[in-house]
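**Q** So you can see what is in the structure, the chains are spelled out below.
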Amino acid sequence: MPILFNEMMMREIIMDHYSHPRNRREGDETYKTIYMDSESCVDKIYVQAKIENDVLKDVCWHGVGCAISTASTSIMTELLKNKTTKEAEYIIDNYFKMIREEPYDSECLDEAIVFMNTSKQAGRIKCATIGFRGMDEILKGDKNG
Amino acid sequence: MFDIEKIRNDFPMLKQTMQNHPLIYFDNGATTLKPNQVIDAEMEYYKSYTANAHRGDYDIAYKVDTEYESARKKIAKFINAGDNEVVFTSGTSMGLNMIAHGLAYSYLHEGDIILISEAEHASNVLPWFKAAEIAKAKIEYIPLDEKGRVTLENLKKVITPRCKVVALAHISNVLGYEIDVINFSKIIHENGGLFVLDGAQSVPHKKVDVKLLDVDFLVFSGHKMLGPTGIGAMYGKYDLLLKLDPLMTGGGMNTTFDMCGHIGYQYPPLKFEAGTQNIAGAIGFGAAIDYLNNIGMDIIEKREAELKEYAINKMKDLDNIIIYNSDSTSSIITFNFKDVFAQDGATLLNSKGIAVRSGLHCAKILVDFLKTDATIRASLYFYNTKEEIDYFVEQLKKGEDFLDAYFI
Ligand SMILES: Cc1ncc(COP(=O)(O)O)c(C=O)c1O
Chain A
245 MPILFNEMMM REIIMDHYSH PRNRREGDET YKTIYMDSES CVDKIYVQAK IENDVLKDVC
305 WHGVGCAIST ASTSIMTELL KNKTTKEAEY IIDNYFKMIR EEPYDSECLD EAIVFMNTSK
365 QAGRIKCATI GFRGMDEILK GDKNG
Chain B
7 MFDIEKIRND FPMLKQTMQN HPLIYFDNGA TTLKPNQVID AEMEYYKSYT ANAHRGDYDI
67 AYKVDTEYES ARKKIAKFIN AGDNEVVFTS GTSMGLNMIA HGLAYSYLHE GDIILISEAE
127 HASNVLPWFK AAEIAKAKIE YIPLDEKGRV TLENLKKVIT PRCKVVALAH ISNVLGYEID
187 VINFSKIIHE NGGLFVLDGA QSVPHKKVDV KLLDVDFLVF SGHKMLGPTG IGAMYGKYDL
247 LLKLDPLMTG GGMNTTFDMC GHIGYQYPPL KFEAGTQNIA GAIGFGAAID YLNNIGMDII
307 EKREAELKEY AINKMKDLDN IIIYNSDSTS SIITFNFKDV FAQDGATLLN SKGIAVRSGL
367 HCAKILVDFL KTDATIRASL YFYNTKEEID YFVEQLKKGE DFLDAYFI
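Chains as they are written, first to last, in our numbering: chain A, 245 to 389; chain B, 7 to 414.
Since the hints were derived computationally from the structure, they do not count as laboratory data.
Model, not experiment: these values are computed from the prediction.
Careful: at least some of the hints might be erroneous.
Unchecked claim - Every beta carbon over 12 Å from chain B, so not counted as near; a handful from chain A, in silico:
id, residue
1, ILE295
2, ASP354
3, ARG377
Unchecked claim - In silico DSS-like cross-links for lysine-lysine, where the CA-CA straight-line distance does not exceed 27 Å:
id, chain 1, residue 1, chain 2, residue 2
4, B, LYS404, A, LYS364
5, A, LYS370, B, LYS243
6, A, LYS364, B, LYS79
Ideal placement from N, C-alpha and C gives every residue a C-beta, glycine not left out.
Start from the sequences and build out the full structure, keeping to the hints where you can.
**A** Rendered as structure tokens:
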């Protein structure tokens, strides 16, 4: 996918995912669940994934958050659903690289590149990464466990 | 004379920019900016008379003792306490921990009640949980009224002679409401309880006289009143300090001890100051008190009331702003942009150079009274100006465009 969103499109994507978050629901006990919150911001989010044979069969989330955390988590769930755990790890890694302003593979990030400017508001980096960090921990936990 | 230009010149931070805008600092409830006088006083200790306190026989060590104790005297006078009734702490949280632990070991008994309110700062809640655990005491809460205030009526409803300690914020850090301390003291003492006042949000902004208010303990932080971080004060009535168990033990707070466990403690306040203290911080705190005294606490209180009223009147005219505490007397303004999450609103203001805080502040109040997930808090201090408020209000009008913060 060619990714050259202009500013207008980026704003629209963020607002769309904020107003209509995707995969915002609670998974049952077959899902791996992780709770993400932080002392320094308001976001409190549960990230959930159903992993079968190293494939993310389903990814969902619920909780409260600002526009940036809501939209980025929503985009994350769409992006990672039905990916293998390996692919998911690659995407998450590149997302973090983008946020840190390091060279990254934009192709694999699809809509998630709308958060490329997050470092302009350093206080919100936590919000733009909360869902991705949650998934990262689920995947790491899965590997260890 | 209140010379705002001269005052602002004393604060190097007021010359800073944020996101390419002149900094507008409206987060004074979290911490305040420091004037050169405070920075210099602290630096002077490091540059020209470093030595430990209460430990040396040479001239420089003597000067340290003199300056350290002189800072204590300034703080004592500031709240109308005796010099030996003021203990240096690292801040309000440490003060509250010292009192809670001390009372748990030396005063509270099984079944006693510790009374707090539903609107306290975590630092005035968690130490009491610990104290309750240690002494097998119980925590009970003064319910809030319909506006989220702690009122005398509600205190009267729940207090009994079993309430051995009542610990409350003088001014709430969430909504800025002030309690009627004098009358609270009366009722609490009539019931035989001790009154611990959390002055973190009051002592920096108005005259607080411990004798007039007749509180048993008062705690506050230097950094919220122009002073350095990591320094604060705990006031206790002298006879209570004599009985209070020290949380910290160690060098400097004992007179004698032997291997059989016989220990002699120093008298208060030294009894509570184990180990090398934050000497530079204490000296800086003293300089902050001088600075506030030079302006005058009455003038500071009046100026802040004016700024608050000015801000509220302008904010009230904005259709997209919800104010939660327009009638509170302190300089804390709790608000939200309509239909914008608090954090996004605060980020928009950040992108315009304005420092405010978004947060949960107090879950109970948010859920029960404000009916929102989070709020934005703007908290003013005397060095803020009407021009800053004008600019702030202009930016508030742009709430809808909060994503602008990411596309500048
Ligand atoms: C009412 C109240 N109590 C206690 C504290 C804790 O103060 P410190 O962090 O300086 O210990 C604060 C600071 O935010 C406060 O507002």
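**Q** Are the Cα positions of A:LYS370 and B:LYS243 separated by 27 Å at most?
**A** Violated, at roughly 45 Å.
**Q** Does A:ARG377 sit more than 12 Å from chain B, CB to CB?
**A** holds, 17 Å
**Q** So A:ILE295 supposedly isn't at the interface. Is its beta-carbon more than 12 Å from every beta-carbon in chain B?
**A** Answer for A:ILE295: holds, closest chain B Cβ roughly 30 Å.
**Q** Does A:LYS364 sit within 27 Å of B:LYS404, going by the straight-line distance between their CA atoms?
**A** holds, 18 Å
**Q** Just checking, A:ASP354 versus chain B, shortest CB gap more than 12 Å?
**A** Fine: 18 Å to the nearest Cβ keeps A:ASP354 off the interface.
**Q** Does B:LYS79 sit within 27 Å of A:LYS364, going by the straight-line distance between their CA atoms?
**A** Violated: A:LYS364 and B:LYS79 sit about 46 Å apart, past 27 Å.
Checked against the numbered hints given earlier, this structure breaks hints 5 and 6; the rest are met.
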